[in-house]
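Line by line, the protein sequences give chains D and P. My numbering numbers the first residue of the first sequence as 5 and each following residue consecutively. My numbering numbers the first residue of the second sequence as 5 and each following residue consecutively.
If you are wondering where the hints come from, they were derived from the structure by calculation, not from laboratory data. Among these hints, one or two may not hold up.
[To be verified] Far from chain P by the CB rule (all over 12 Å, computed), these chain D residues:
| # | residue |
| --- | --- |
| 1 | R56 |
| 2 | Q160 |
| 3 | A183 |
| 4 | R240 |
| 5 | S360 |
[To be verified] Now the in silico label distances, taken between C-beta atoms and shown as ranges:
| # | chain 1 | residue 1 | chain 2 | residue 2 | range |
| --- | --- | --- | --- | --- | --- |
| 6 | D | S126 | P | R156 | 23 to 33 Å |
| 7 | P | F238 | D | H66 | 27 to 37 Å |
| 8 | D | Q466 | P | Q404 | 51 to 61 Å |
| 9 | P | A120 | D | H36 | 30 to 40 Å |
| 10 | D | P91 | P | E393 | 50 to 60 Å |
| 11 | P | A120 | D | D455 | 58 to 68 Å |
| 12 | D | Q12 | P | Q123 | 25 to 35 Å |
[To be verified] A few chain P residues facing chain D, derived, Cβ under 7 Å:
| # | residue |
| --- | --- |
| 13 | G49 |
| 14 | T60 |
| 15 | R143 |
No residue lacks a Cβ here, since even glycine has one placed at the ideal position from N, Cα and C.
2 protein chains.
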Amino acid sequence: MTAERWEQYASDAFQNLFREVQRFTRYVYILHLLSWDQETYMPPGGTEARARQISTLASLVHQEASSPRIGELLAQAEADAQAQGWPPDSDGMGFLREFRRRYDRMTKVPVEWVRAFTQLTSEAQVAWRQAKAESNFARFAPYLKRIVDMKREYAQFFAPYDHIYDPLLDEFEPGMKTAEVQAVFDRLREVQVPLIQTIRERPQVSDEVLYRPFPVDKQRAFVREVLAHIGFDFHRGRVDESAHPFTTSFSINDVRLTIRTAERDFFRQALYSGLHEMGHGLYVQGVDPAYEETPLMGGASLGVHESQSRLWENLVGRSRAFVHWLLPRLQAAFPGTIDDVDVETLYRAINRVEPSYIRIEADEVTYNLHIMLRFELEVALLEGRLQVEDLPQAWNERMQAYLGLTPPDDAHGVLQDIHWSQGALGYFPTYTLGNVMSVQIWERMAQDIPDVDAKMQAGQFQDVLAWLQEHVYRPGAKFPPKDLLRRVTGQALNPEPYLAYLRRKFGEIYGF
Amino acid sequence: MTAERWEQYASDAFQNLFREVQRFTRYVYILHLLSWDQETYMPPGGTEARARQISTLASLVHQEASSPRIGELLAQAEADAQAQGWPPDSDGMGFLREFRRRYDRMTKVPVEWVRAFTQLTSEAQVAWRQAKAESNFARFAPYLKRIVDMKREYAQFFAPYDHIYDPLLDEFEPGMKTAEVQAVFDRLREVQVPLIQTIRERPQVSDEVLYRPFPVDKQRAFVREVLAHIGFDFHRGRVDESAHPFTTSFSINDVRLTIRTAERDFFRQALYSGLHEMGHGLYVQGVDPAYEETPLMGGASLGVHESQSRLWENLVGRSRAFVHWLLPRLQAAFPGTIDDVDVETLYRAINRVEPSYIRIEADEVTYNLHIMLRFELEVALLEGRLQVEDLPQAWNERMQAYLGLTPPDDAHGVLQDIHWSQGALGYFPTYTLGNVMSVQIWERMAQDIPDVDAKMQAGQFQDVLAWLQEHVYRPGAKFPPKDLLRRVTGQALNPEPYLAYLRRKFGEIYGF
Chain D
5 MTAERWEQYA SDAFQNLFRE VQRFTRYVYI LHLLSWDQET YMPPGGTEAR ARQISTLASL
65 VHQEASSPRI GELLAQAEAD AQAQGWPPDS DGMGFLREFR RRYDRMTKVP VEWVRAFTQL
125 TSEAQVAWRQ AKAESNFARF APYLKRIVDM KREYAQFFAP YDHIYDPLLD EFEPGMKTAE
185 VQAVFDRLRE VQVPLIQTIR ERPQVSDEVL YRPFPVDKQR AFVREVLAHI GFDFHRGRVD
245 ESAHPFTTSF SINDVRLTIR TAERDFFRQA LYSGLHEMGH GLYVQGVDPA YEETPLMGGA
305 SLGVHESQSR LWENLVGRSR AFVHWLLPRL QAAFPGTIDD VDVETLYRAI NRVEPSYIRI
365 EADEVTYNLH IMLRFELEVA LLEGRLQVED LPQAWNERMQ AYLGLTPPDD AHGVLQDIHW
425 SQGALGYFPT YTLGNVMSVQ IWERMAQDIP DVDAKMQAGQ FQDVLAWLQE HVYRPGAKFP
485 PKDLLRRVTG QALNPEPYLA YLRRKFGEIY GF
Chain P
5 MTAERWEQYA SDAFQNLFRE VQRFTRYVYI LHLLSWDQET YMPPGGTEAR ARQISTLASL
65 VHQEASSPRI GELLAQAEAD AQAQGWPPDS DGMGFLREFR RRYDRMTKVP VEWVRAFTQL
125 TSEAQVAWRQ AKAESNFARF APYLKRIVDM KREYAQFFAP YDHIYDPLLD EFEPGMKTAE
185 VQAVFDRLRE VQVPLIQTIR ERPQVSDEVL YRPFPVDKQR AFVREVLAHI GFDFHRGRVD
245 ESAHPFTTSF SINDVRLTIR TAERDFFRQA LYSGLHEMGH GLYVQGVDPA YEETPLMGGA
305 SLGVHESQSR LWENLVGRSR AFVHWLLPRL QAAFPGTIDD VDVETLYRAI NRVEPSYIRI
365 EADEVTYNLH IMLRFELEVA LLEGRLQVED LPQAWNERMQ AYLGLTPPDD AHGVLQDIHW
425 SQGALGYFPT YTLGNVMSVQ IWERMAQDIP DVDAKMQAGQ FQDVLAWLQE HVYRPGAKFP
485 PKDLLRRVTG QALNPEPYLA YLRRKFGEIY GF
């Protein structure tokens with residue numbers, strides 16, 4: 005059946021291209037397995053051999069996927085599609101559009117640049133680790149300087165552009181422009197900075213309950229039980245553990261999440277990390293099975309993916325309705341641990357707002373400010389308005405302006421994230437775009453499922469999941485993210501629903 | 005340092021060949037990971053995608069490793085080696101010899117044959133599973149018939165040969181001839197069949213203690229503790245679980261064993277399986293680090309590998325000295341479970357001899373008879389003296405002659421093993437060759453470590469391991485198995501030490 009969906013396209017070039025893409029997409033999935041094993045089970049001794057295996061296979065994929073023969077097949081298939089008038093929203097056109105985007109990205113960047121950048125970021129990650137351990141920005145600065153220089157070069161491969169940051173952003177959020185992000189972020193900042201100030205002036209809620217001891221074996225079992233109940237398909241997926249939670253997949257039918265477990269930090273590291281990664285996992289498991297081994301399998305963009313992890317983590321997991329359902333189950337699974345806790349106490353604890361230095365510990369209200377800060381600094385570096393040596397000061401000034409805090413040292417400030425050392429400039433904004441989209445999507449869904457709160461309180465998640473599968477997950481990467489958002493919500497990207505949600509939710513919790 | 009070992013060979017062809025081999029050997033290790041994950045953690049939904057990934061990458065390896073360019077480099081490197089007079093026992097010559105063997109094996113067999121055989125065995129495995137479940141040999145027979153026919157064709161690709169079975173055997177035990185195996189097996193049969201008869205007439209020992217309940221979590225911890233104590237390096241390896249225990253590796257520094265756990269079958273499935281697989285694992289971990297990513301990494305042959313799994317499982321693990329060391333540790337780890345058991349009781353229990361239908365449950369005395377039976381039937385099938393349809397009867401007649409048993413049905417007889425459905429004819433003899441070699445190697449070692457029993461009783465395994473590393477493991481596949489055996493023991497393959505060991509050990513246990 006799946007094969008027939010693709011066989012209907014009467015173009016030899018397309019059929020040949022399709023088979024080639026399937027073949028090397030298998031190598032991509034194998035690369036995912038190599039990385040998954042590295043993060044979960046690989047013994048330390050395996051590190052060097054694994055790095056060679058990944059590097060060798062990644063080279064092969066790049067070589068095969070960017071070959072002139074593939075380019076010729078692609079051009080011929082596009083010509084056939086036009087001549088035959090394939091419908092714009094057909095699978096075939098989605099395949100050609102998404103693969104063209106990837107092919108151009110691979111072939112516009114010279115192999116020498118890729119090799120030099122891979123070498124640079126490999127050294128930069130080592131330097132970053134040392135710099136962070138010593139809280140010594142000067143050790144990392146020369147590497148970051150070269151990374152910024154190379155990213156400026158990189159942008160030129162995609163000239164002309166409206167803004168030098170556009171090609172960086174486009175890698176992670178296809179079609180998104182720097183100016184659009186700036187407009188959305190300006191509006192978020194305008195509301196969120198004073199909102200944080202207001203909350204700070206209100207009596208703080210207690211989150212003591214979150215740091216009680218929960219036996220790790222039972223944490224593992226409980227998280228799996230919750231995820232299975234919600235609808236993560238363990239026949240087609242797993243939950244393991246790693247130092248940093250992540251989601252990966254080797255097939256639509258083999259989706260791997262990870263969590264962390266720490267006896268005194270159950271909620272953040274295991275349960276809510278689990279709900280977050282589950283959001284990514286449900287997305288992959290829900291993609292049209294016909295998109296297996298095609299570029300359409302991966303989801304529309306990082307931002308859309310993040311909208312789903314945030315939706316399940318925050319809009320479901322941190323809702324009062326969910327806590328109603330969750331609490332008795334927690335009390336049964338961990339007898340004697342939180343018998344004294346009621347729904348309101350737990351609901352407030354998991355929604356406590358407290359500005360902190362560290363992005364990955366941030367709550368729903370402060371999180372976007374961490375992202376904005378990084379986005380603004382990245383743009384300033386790319387524009388040449390900011391020099392790398394001035395970055396720590398610029399970081400700290402913005403932390404003070406947005407969150408009223410000054411980091412005690414650079415390890416808790418500008419050095420906290422690995423992303424820049426990996427060369428991932430343009431990536432951070434997708435986190436906030438995900439937040440913004442998550443509420444737009446949720447509110448559209450709530451029109452179709454008006455009793456969604458009652459359903460969640462009763463532990464009935466199947467309608468929510470089915471709606472998201474139909475509207476968001478099933479199309480995979482068939483539509484560009486902006487098109488998908490408009491198809492799903494009828495709207496363009498819009499920060500207002502997210503801001504209204506924040507004011508409503510936290511106004512009620514903090515009483516303003 | 006490792007690189008210098010290979011850079012000393014002043015042949016461009018060799019250096020190019022070496023780099024090419026390293027590159028595609030990485031793909032082989034990646035294939036091992038794909039299979040390891042499939043057997044350990046992969047969710048059931050991943051099956052189809054995984055099969056495609058393995059098949060695609062295996063094709064790539066075959067294509068690259070058997071390419072004419074590789075053949076030209078190999079021929080030129082061999083010519084350079086001869087012209088430059090490389091020493092016969094140098095790493096370079098070992099590399100060329102072992103790679104030549106593999107290259108010829110790949111290129112002498114036509115791609116069409118490989119494709120047809122892969123297809124056939126894939127279908128045959130499905131048929132075998134059904135046939136075994138229904139205990140219906142007729143369902144499997146047509147597939148086995150075609151497998152035998154194709155294996156007869158396969159032998160022709162390696163003509164001339166002394167015996168049609170030689171090319172099959174040679175795949176797993178390089179240089180071994182059917183006539184040699186027959187001579188060794190004839191002698192084993194002559195002694196072991198009456199030995200079993202003698203034991204049967206003696207009072208049976210009790211093994212009730214083996215089937216007491218041992219909590220599986222503690223089994224896992226205990227096996228890891230024993231393996232770590234003996235010297236399996238968990239920095240460079242892991243122990244996981246799978247339906248059938250196995251050992252694989254993705255590097256000399258990343259060696260993965262598996263065991264099974266069942267509350268009521270701790271000794272066989274977890275502890276002694278663990279010791280067995282550890283023997284394979286210690287071998288890989290002990291290979292010269294310079295052989296990483298070369299054909300020399302894999303060990304000398306399946307028979308030599310099996311000699312090491314058997315050595316640690318039986319000559320160490322089932323020795324009285326080991327039980328002396330083991331018992332108090334077992335009693336401490338499983339309080340209240342075997343407090344009433346003494347060393348003699350446990351020693352006899354783990355060495356109980358009892359003819360059974362099933363090879364993988366067989367003890368040290370009866371095991372070789374299971375192998376002989378299979379070897380004789382394989383040879384008769386290849387020679388055309390036996391027809392597939394007559395196989396069940398031939399099987400049952402031999403079971404009666406060797407072990408005094410008639411299987412209740414074919415599921416417990418001719419259908420019990422997966423090997424034939426996988427096309428692995430010529431593989432079984434290596435199990436018995438391993439047994440025979442294990443005692444030859446052990447006795448040579450005992451000349452250098454005369455107090456080996458006292459050392460084992462005191463839990464000191466480092467001298468045994470160091471001796472094996474130096475003499476057996478470090479050379480990897482540098483020498484053909486027969487040469488290695490002679491270098492290690494000063495002898496050719498010889499069944500007498502193994503037979504003397506059996507008579508001594510079991511004469512004492514059963515009192516004859």
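A quick look at each hint next to the structure:
| no. | hint | verdict |
| --- | --- | --- |
| 1 | R56 | violated, 6 Å |
| 2 | Q160 | holds, 33 Å |
| 3 | A183 | holds, 41 Å |
| 4 | R240 | violated, 3 Å |
| 5 | S360 | holds, 35 Å |
| 6 | S126/D with R156/P: 23 to 33 Å | violated, 53 Å |
| 7 | F238/P with H66/D: 27 to 37 Å | holds, 35 Å |
| 8 | Q466/D with Q404/P: 51 to 61 Å | holds, 60 Å |
| 9 | A120/P with H36/D: 30 to 40 Å | holds, 32 Å |
| 10 | P91/D with E393/P: 50 to 60 Å | holds, 58 Å |
| 11 | A120/P with D455/D: 58 to 68 Å | holds, 60 Å |
| 12 | Q12/D with Q123/P: 25 to 35 Å | holds, 28 Å |
| 13 | G49 | holds, 3 Å |
| 14 | T60 | holds, 5 Å |
| 15 | R143 | violated, 28 Å |
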